[in-house]
Amino acid sequence: MAALWKTCQQCLRYGFTNASIYTSITAVNVISKRNFKAHWVAPTLRELQRRKVIEEDRGGGPKIFHRSTFLEWNYDAEIFAFSNRLGEKFNDSSLRAALTHKSYIERETARLSDIGVESNLQFQDNEALAQKGGEIMSKFINGYLRAVFTQVPEELIRAMHDFLTSNPTLETVAKHIGLGDLMLCADFPCKTETYVKSFKAVVAALAESSGEERARIFVQDLVVTQLYGQDVNELWNPVDPIGNLTAILKREGKAEPEFRLIRQAGSNSILAVYYVGVYSDKNFISEGAGESLEVAKEMAAREALKKFFHTEDSMRALPFGRQLKNIQSKIAQLENQPNVPLSEWISPKIMSAVH
Amino acid sequence: MSNSHLFLPSGFIRTPLQNGLGRYIPQLQRITIKFCKSHGGSRGVRDFIESDLMEFAKTNPGTVVYLKPRRHRSPCMVAEYLNGEREYLSCHEFSRDEVYKWLSYMCTRSGIPVMRFRKYQHTDYPTIQGVWNPFTHQAPEINVAEFPHEVLSKPINHGPTATEQLIEIFKKTQLEDPANKPPN
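The listed protein sequences correspond, in order, to chains G and W.
Heads up, the first sequence is in the UniProt record's numbering, so the first residue is 1 and it goes up one at a time.
Heads up, the second sequence is in the UniProt record's numbering, so the first residue is 1 and it goes up one at a time.
The set of hints was computed from the structure by calculation and includes no laboratory data.
Treat the hints with care, since some could be wrong.
[What the hints assert, rightly or not] Okay, the calculated bits of chain W under chain G, using three or more residues with CB under 8 angstroms as the criterion:
#1 22 to 34
#2 120 to 132
[Claimed, not checked] Footprint (simulated), chain G over chain W, 3 or more residues, beta carbon under 8 angstroms:
#3 13 to 19
#4 62 to 68
#5 83 to 94
[To be verified] Here are the simulated lysine-lysine pairs, DSSO-like style, with alpha carbons at most 30 angstroms apart:
#6 G:Lys330 / G:Lys307
#7 G:Lys33 / W:Lys68
#8 G:Lys52 / W:Lys34
#9 G:Lys33 / W:Lys119
#10 G:Lys37 / W:Lys34
#11 W:Lys58 / G:Lys175
#12 W:Lys37 / G:Lys33
#13 W:Lys34 / G:Lys33
#14 W:Lys58 / G:Lys89
#15 W:Lys68 / G:Lys63
#16 W:Lys68 / G:Lys175
#17 W:Lys68 / G:Lys37
#18 G:Lys33 / W:Lys101
#19 G:Lys37 / W:Lys101
#20 W:Lys37 / G:Lys37
#21 G:Lys175 / W:Lys34
As the structure is a computational prediction, the values presented were derived from the model and not from experiment.
Where is the CB? At the ideal position from N, CA and C, for every residue including glycine.
Please construct the entire structure, taking both the sequences and the accompanying hints into account.
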């Protein structure tokens with residue numbers, strides 16, 4: 001009886017909710033065996049399933065429970081496993097503070113004061129840590145991007161940084177390192193902002209515990225790798241590629257870009273294709289294809305810009321993990337030096353010749 | 001020999017969160033072992049816990065191990081992965097080695113469900129030089145050529161292939177040998 005009451009209390013405290021966005025994940029049996037069951041087993045299970053479906057529909061979805069409501073739960077062991085899983089050493093107090101949210105502290109103090117117990121809860125929340133973590137994470141990401149994409153204008157660096165620090169990306173990372181069960185927060189199922197805040201606070205806690213170097217490697221290993229598989233040209237495109245190309249060539253002292261039709265096929269049909277090449281002073285720069293001449297012109301200008309910035313489809317693979325060992329100092333150096341913006345961009349060979 | 005009769009889902013090989021690209025994170029989050037302290041079906045699990053479990057826990061510090069002794073229940077283990085998947089395995093009448101084997105199997109999996117791999121490799125960048133289209137490698141001269149053209153209308157002359165060149169070299173050596181032979 002006491003155990004039942006305790007379980008109910010825990011359920012009410014950490015919350016079970018009927019949420020339709022979550023599907024309860026059923027355990028999959030690994031070894032399938034042939035079973036001979038009695039004739040009444042299947043009809044019984046079918047009826048129970050029918051009633052369960054009715055109850056779930058009435059309640060607004062299957063019930064979900066926080067992992068800490070289970071009997072097999074040891075928060076200290078989970079935290080120990082969390083730091084070992086990532087291969088990092090955390091200060092215990094920093095890590096616990098990083099995982100504690102203000103909403104949780106407020107709820108606990110309210111609950112205790114409702115009961116009538118005066119308490120000075122020694123919890124520290126993760127507001128300051130999250131703020132600091134967000135800043136240093138941005139710094140590390142910018143450093144990596146500028147060290148790897150040396151020829152790229154600052155606008156594209158900013159677009160890639162915004163993609164990597166966006167809420168969906170950080171939420172995915174946070175969920176997949178196991179933060180969902182460890183966070184102490186009042187909302188369940190946890191909101192995106194809660195995950196993101198916890199992750200940023202964990203980064204700051206790591207910087208506090210093991211130093212900035214380890215935090216930089218952590219961000220590179222977990223956040224920056226989300227750039228793999230992304231086409232960087234889908235994240236950002238210059239609005240007026242032809243104008244930008246003309247401006248760049250003019251700044252470099254080269255001739256104006258000349259667009260010439262290279263190939264065409266099916267001009268009277270729906271599947272028309274035109275290949276347009278960009279030439280500067282009769283030197284071929286790039287070509288682009290499109291369904292009409294204007295589209296092909298714009299694509300050719302875009303390809304030319306991609307060639308200048310070294311972001312074509314055939315660009316070098318991005319370095320991750322151990323491949324970054326040699327350029328860590330360069331990354332740290334470029335954290336505070338933005339790349340050249342698009343309005344002033346000129347090819348580095350010209351820039352080094354001028355300077 | 002088709003796969004349509006299989007209920008097993010199929011897919012391309014993948015890993016959660018680009019695991020391994022930056023660092024490798026072991027995907028097994030926690031494992032719960034339920035067993036009976038006296039029943040015979042749990043003997044292997046009990047032996048495993050007494051002898052090999054500590055070593056397992058030390059070599060896998062990123063995994064939390066929970067033990068649940070429950071009377072009159074057959075033994076089982078439930079593995080929970082970082083992506084939220086759970087796997088259940090009944091360990092009834094397993095030997096100690098079998099328990100160890102299945103536990104290390106659980107360790108090496110990610111939580112992605114078992115599926116038939118369509119290919120054992122996957123890439124997000126299928127082409128580097130660009131996909132072939134009919135305009136690839138076409139001479140630009142065709143744009144301003146008037147057909148029939150004396151060069152472009154003829155079949156393409158690639159020159160002698162390597163095989164033909166080797167045959168020519170061999171024939172030359174054949175012709176020289178009888179000339180060098182001293183008359184008998």
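Now for the hints, and whether the structure bears them out:
1. 22 to 34: Per the Cβ count (7), the hint holds.
2. 120 to 132: holds (count 6)
3. 13 to 19: Check passed, 3 qualifying residues.
4. 62 to 68: holds (count 5)
5. 83 to 94: holds (count 8)
6. G:Lys330 / G:Lys307: 24 angstroms, holds
7. G:Lys33 / W:Lys68: 24 angstroms, holds
8. G:Lys52 / W:Lys34: 26 angstroms, holds
9. G:Lys33 / W:Lys119: Holds. Lysine 33 of chain G to lysine 119 of chain W sits at ~28 angstroms (cutoff 30 angstroms).
10. G:Lys37 / W:Lys34: 24 angstroms, holds
11. W:Lys58 / G:Lys175: 25 angstroms, holds
12. W:Lys37 / G:Lys33: Judged against 30 angstroms, a Cα distance of about 25 angstroms means the pair holds.
13. W:Lys34 / G:Lys33: 20 angstroms, holds
14. W:Lys58 / G:Lys89: 16 angstroms, holds
15. W:Lys68 / G:Lys63: 24 angstroms, holds
16. W:Lys68 / G:Lys175: 27 angstroms, holds
17. W:Lys68 / G:Lys37: It holds: about 27 angstroms lies between the C-alpha atoms, which stays within 30 angstroms.
18. G:Lys33 / W:Lys101: 18 angstroms, holds
19. G:Lys37 / W:Lys101: Since the Cα atoms of lysine 37 of chain G and lysine 101 of chain W sit roughly 29 angstroms apart, the hinted pair holds (cutoff 30 angstroms).
20. W:Lys37 / G:Lys37: 27 angstroms, holds
21. G:Lys175 / W:Lys34: Within the cut-off at roughly 27 angstroms; holds.
Violation of the numbered hints given earlier is absent; every hint is satisfied by the structure.
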